[in-house]
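K.L.:
What the sequence shown shows, in our numbering, is residues 35 to 364, in sequence order.
Hints should not be assumed to be uniformly reliable.
DSSO-like cross-link-like pairs, simulated, lysine-lysine; straight-line CA separation at most 27 Å [what the hints assert, rightly or not]: (1) Lys148 with Lys302; (2) Lys134 with Lys152; (3) Lys134 with Lys151; (4) Lys134 with Lys148; (5) Lys242 with Lys302; (6) Lys200 with Lys302; (7) Lys200 with Lys148.
The set of hints was computed from the structure by calculation and includes no laboratory data.
Fair warning: this is a prediction, and the values are worked out from it, not measured in the lab.
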Amino acid sequence: MTAPEAMIELWRGGMCESVHHGHAVIFGPEGIEAAWGDPETVIFPRSSVKMIQALPLLESGAAEAAGLTTCQLALSCASHSGARMHRAAVEDWLATLGMKDDDLRCGAHLPRDKAEKKHLICADGAPCQAHNNCSGKHAGFLTLNRYLGGGPDYIDIDHPVQRAVKSAFEEVTEESSPRYGIDGCSAPNFATSLAGLARAMQFFASAKPDGDLRARAAARLVDAMMEYPEMVAGEGRACTEIMREANGRVAVKTGAEGVYVAMLPDQKRGVALKITDGATRASEAAIIALLIRLGALDANAPVVHRRLTGPITNWRGLKTGELRRAAQFP
35 MTAPEAMIEL
45 WRGGMCESVH
55 HGHAVIFGPE
65 GIEAAWGDPE
75 TVIFPRSSVK
85 MIQALPLLES
95 GAAEAAGLTT
105 CQLALSCASH
115 SGARMHRAAV
125 EDWLATLGMK
135 DDDLRCGAHL
145 PRDKAEKKHL
155 ICADGAPCQA
165 HNNCSGKHAG
175 FLTLNRYLGG
185 GPDYIDIDHP
195 VQRAVKSAFE
205 EVTEESSPRY
215 GIDGCSAPNF
225 ATSLAGLARA
235 MQFFASAKPD
245 GDLRARAAAR
255 LVDAMMEYPE
265 MVAGEGRACT
275 EIMREANGRV
285 AVKTGAEGVY
295 VAMLPDQKRG
305 VALKITDGAT
315 RASEAAIIAL
325 LIRLGALDAN
335 APVVHRRLTG
345 PITNWRGLKT
355 GELRRAAQFP
């Protein structure tokens, strides 16, 4: 097994204070084009695979039967901030299904969005499951479940919804998943190699709207993410900022514990990376560095300054350090 490579460094006072190591793969039409660390390292992709988990929603006919909009398809791929617009969109979606918050199985947590969080705290209110960052994915699961006629616990590993998700996952990664873990939202998360994850992203990147059933579904999900980046994450979030500034050149998705993926339709390339210490700041910086390398982001784009090349400041606004790409990355 190849060791993870240094990717992102934190410098302070003229000295390298911290180093984030990881694995990364760029997958093109002919296979792996570049790799750092070990492409065969097995990871839990976490929320980076929500577009794969949404494939059965479209392939089954459930999305069409429910009349889902492009915005709702983007929400099905989201790790949103729980802003009022996200909560309202999920609640409206549930209402069209004749369902309520209690039908979700993702659990409730305070929203990441500052305004909505302040509103709840000041009103002495409690968050609902629609605030959960995965509630859009779960609304998609409920839509698929109603179409399939399964039981209410759609997160169970042997439920028809999760069997459909696993089948799609293994087919697009072209690997049998060796195991699964339970994600933060209570749904199964299937493990795969980083190369398999990048291969799946290359499939999404190359999918055409006039292709076969799966390709049409994948193309719709990628287009939805790029059309509604604010629904995929939220204001001030890296996924939203990257997609806005890439302006149709890339769809990206973060996952917990330092995972990030990218799909570049014009280039038919997929990218997957894992920071081994699980740091989000490093995964954001690393995916931006790779997208600059691939020409999908301008090196002078504001998101690059905010999350990779700009200064780190303290509470008084004084510069204390900076992030840097490690010497051999990317």
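K.L.:
State for each hint whether it applies.
P.N.:
Hints versus structure:
| no. | hint | verdict |
| --- | --- | --- |
| 1 | Lys148 with Lys302 | violated, 37 Å |
| 2 | Lys134 with Lys152 | holds, 24 Å |
| 3 | Lys134 with Lys151 | holds, 21 Å |
| 4 | Lys134 with Lys148 | holds, 25 Å |
| 5 | Lys242 with Lys302 | holds, 10 Å |
| 6 | Lys200 with Lys302 | holds, 24 Å |
| 7 | Lys200 with Lys148 | violated, 35 Å |
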